[in-house]
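Trainee: For reference, the chains in residue letters:
2 protein chains.
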Amino acid sequence: MTNPLPTGATIGIFGGGQLGRMLALAAARLGLKCHVFDPAADGPAAQVADRVTTAAFDDLDAIRAFAAAVDVVTYEFENIPAAALDALADTVPHHPPRVALETSQDRLIEKTFLQDLGLQTAPFAKVETAEDLQQAMIDIGLPGILKTTRLGYDGKGQARLNTVDDAESALAAMQGATAVYEGFVDFSHEVSVIAARAPDGAVSCFDPGENLHREGILRTTTVPARLTPAQRTDAVLLAARILNALNYVGVLGVELFVTSKGLIVNEIAPRVHNSGHWTQNGCTVDQFEQHIRAIAGWPLGDGKRHSDVTMENLIGDDMARVPDLANQPNTALHLYGKAETRAGRKMGHVNIVKPT
Amino acid sequence: MTNPLPTGATIGIFGGGQLGRMLALAAARLGLKCHVFDPAADGPAAQVADRVTTAAFDDLDAIRAFAAAVDVVTYEFENIPAAALDALADTVPHHPPRVALETSQDRLIEKTFLQDLGLQTAPFAKVETAEDLQQAMIDIGLPGILKTTRLGYDGKGQARLNTVDDAESALAAMQGATAVYEGFVDFSHEVSVIAARAPDGAVSCFDPGENLHREGILRTTTVPARLTPAQRTDAVLLAARILNALNYVGVLGVELFVTSKGLIVNEIAPRVHNSGHWTQNGCTVDQFEQHIRAIAGWPLGDGKRHSDVTMENLIGDDMARVPDLANQPNTALHLYGKAETRAGRKMGHVNIVKPT
Chain P
1 MTNPLPTGAT IGIFGGGQLG RMLALAAARL GLKCHVFDPA ADGPAAQVAD
51 RVTTAAFDDL DAIRAFAAAV DVVTYEFENI PAAALDALAD TVPHHPPRVA
101 LETSQDRLIE KTFLQDLGLQ TAPFAKVETA EDLQQAMIDI GLPGILKTTR
151 LGYDGKGQAR LNTVDDAESA LAAMQGATAV YEGFVDFSHE VSVIAARAPD
201 GAVSCFDPGE NLHREGILRT TTVPARLTPA QRTDAVLLAA RILNALNYVG
251 VLGVELFVTS KGLIVNEIAP RVHNSGHWTQ NGCTVDQFEQ HIRAIAGWPL
301 GDGKRHSDVT MENLIGDDMA RVPDLANQPN TALHLYGKAE TRAGRKMGHV
351 NIVKPT
Chain S
1001 MTNPLPTGAT IGIFGGGQLG RMLALAAARL GLKCHVFDPA ADGPAAQVAD
1051 RVTTAAFDDL DAIRAFAAAV DVVTYEFENI PAAALDALAD TVPHHPPRVA
1101 LETSQDRLIE KTFLQDLGLQ TAPFAKVETA EDLQQAMIDI GLPGILKTTR
1151 LGYDGKGQAR LNTVDDAESA LAAMQGATAV YEGFVDFSHE VSVIAARAPD
1201 GAVSCFDPGE NLHREGILRT TTVPARLTPA QRTDAVLLAA RILNALNYVG
1251 VLGVELFVTS KGLIVNEIAP RVHNSGHWTQ NGCTVDQFEQ HIRAIAGWPL
1301 GDGKRHSDVT MENLIGDDMA RVPDLANQPN TALHLYGKAE TRAGRKMGHV
1351 NIVKPT
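Those protein sequence lines, which keep their order, are chains P and S. Using the working numbering, read the first sequence as starting at 1 and increasing by one per residue. Using the working numbering, read the second sequence as starting at 1001 and increasing by one per residue.
Hints in this document: simulated from the structure, not taken from any laboratory. Some clues are possibly wrong.
As the list claims (entries may be wrong) - Here are some chain P residues the structure puts well away from chain S; computed CB gaps all over 12 Å:
1) Thr10
2) Ala65
3) Ala68
4) Gly141
5) Ile145
Unchecked claim - Covered, in the sense of this in silico footprint (three residues per stretch, anywhere, with C-beta under 8 Å from a C-beta of chain P), are these stretches of chain S:
6) 1004-1012
7) 1026-1040
8) 1141-1149
9) 1300-1311
To be verified - Covered, in the sense of this in silico footprint (three residues per stretch, anywhere, with C-beta under 8 Å from a C-beta of chain P), are these stretches of chain S:
10) 1277-1289
11) 1336-1349
The beta-carbon is built from N, C-alpha and C at its ideal position, and this holds for glycine as well.
Model the full structure from these sequences, guided by the hints.
Mentor: Printed below as a string of structure tokens:
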């Protein structure tokens, strides 16, 4: 795809959750239609899409029909089955590139990729057996965290080890899956860079945000982050290095630990990212539009930050606060239209804006 | 409707053009679904709506089914047939109120209403016959403008009279419809106030914008408008007086001429308004969300202006400028997804933003 998609063209989106919803809203601003593919009917993205396919990701006939009906395909999550990508690859371009999905789908591949790029990661070792885990605890030290190499997010598929006595239960929690043992990083805080790359290689990064997690779930992102000018430059250059190495097209999120020894990459996500939601009210062009622009072959927009923002996720019962939040000044609500409020479920977010 | 609509409730929108589209996008931010009713299939709003009814406004069965499927009804244009409102009135609440539609549907009723409120309008007289027109030209003077009392917008259904010799052709252009003869107002520039009122009577006005028309079509709106502090206060108070007199719920646009004798009301529009599109990039909560909040029984949001903005409409061949505009800093594109570009057709707009 070398020519920009014209008004009326259709973006195909794998995944119908809140990220797909906000991608669809951004595409609409550019006059583009969206066709959402998701196993669940009537999800957040389906409510605002021009067309919807309700089918499983292993329904290859449905994927082929979807591919034939759209002009480009993108995804709101990284765990797209390889067979699904195979089924559409001959018919329609898809972004971000497959190598980015394959890299971020597997913690071992991802960390190796980052180290090969000359970037710092937490110390890590592959763990398949109890012996591997014993050796890793010796080499890397305690405390540490054991994570499955694939799947798992928001604290799922992870076990913390404080002493060698935790080894057995931690390994059991992996349920036989290959895992990575990671040493803890002594960091002062976490920041993330939301970076975009266009097909012509142009890169644009949003100002880094500072993230606060609780129970493994992102709670708030604040811009500006606490970073020195040198750290800010490092963060942006490092994100650009990752994008270029992957010949990336679209938006990618890079989570970074700020330490006395520099920035350590926690993980990358080849998609729009929860920690970039502040851009909706802090920039003229937000992360969702930036992603759509990139995958549609448009020039990247102006992502300069015009305001200070704190983004707060609304999780589960936080929805009870909506009537009060709706009354607050400088406050923009973004709700996802999920039918059912459940504990731990991301229901929306709020951007609290302070013009600079 | 005294309780705010919850997440997942459905807004019904009469009219599927760009205003309906941007209302639907704003509703989505609040977790609300939209059901669009429009005679044309696949229009700008249908592309982003959860449900669509494609039917004529005189198809009362379709209107009754639509009313039964939604939680509240609103409109993107003022010329809703009375029978359509009758068909839904028993089933579902609708905002803005009918009296606002009836007032703004008829220039004679509108100007009389405004004068009765103590507001200034251009001098005017009702014209049904050639004799009426002769008398109006004598009473009000030349030049003047003859307009049908109903319908007509963007310069349609209007005829300018520079001399008495123009009377015959001007009257012919009315095609037998009742008309209003208006004297010209000696004004320096036009501004508009976009004002919102909630069911509990709370009123919130956006900062007035300054409008530039060409060939009867709005080209640009710029904030801040050239107004003295006293004029700014007058503009806002005057808009609030109109809203209160109509017991209004929703957003209303008020076009004002700035003259040496004060502000003269040109016309009111009981809906979101083209001259309020700048709010999308100049405020935390824009006119579309403010309208949705009002009709959904939510508190009005924070419409304070955080940036200077110039909104420029993209009309017809202006679409050829999109690739260049997409490359400009401080520039937010809003395209309407219309399949066909036609001369004089509003295809999108661009907000050029300058943080204050």
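Trainee: Please go over all the hints and tell whether each is borne out by the structure.
Mentor: Hints versus structure:
1. Thr10: Not fine: 10 Å to the nearest Cβ puts P:Thr10 too close to chain S.
2. Ala65: Correct as stated: the minimum Cβ-Cβ distance to chain S is 20 Å, above 12 Å.
3. Ala68: About 19 Å separates P:Ala68 from the closest Cβ of chain S, which puts it past 12 Å; holds.
4. Gly141: 46 Å, holds
5. Ile145: P:Ile145 clear of chain S: closest Cβ-Cβ about 35 Å, beyond 12 Å.
6. 1004-1012: With 3 residues in contact (Cβ-Cβ under 8 Å with chain P), the coverage given for the stretch 1004-1012 of chain S holds.
7. 1026-1040: holds (count 6)
8. 1141-1149: violated (count 0)
9. 1300-1311: n = 5 at 8 Å, threshold three: holds.
10. 1277-1289: Answer holds; 3 residues pass the 8 Å Cβ test.
11. 1336-1349: holds (count 6)
In summary, the numbered hints that this structure violates are 1, 8.
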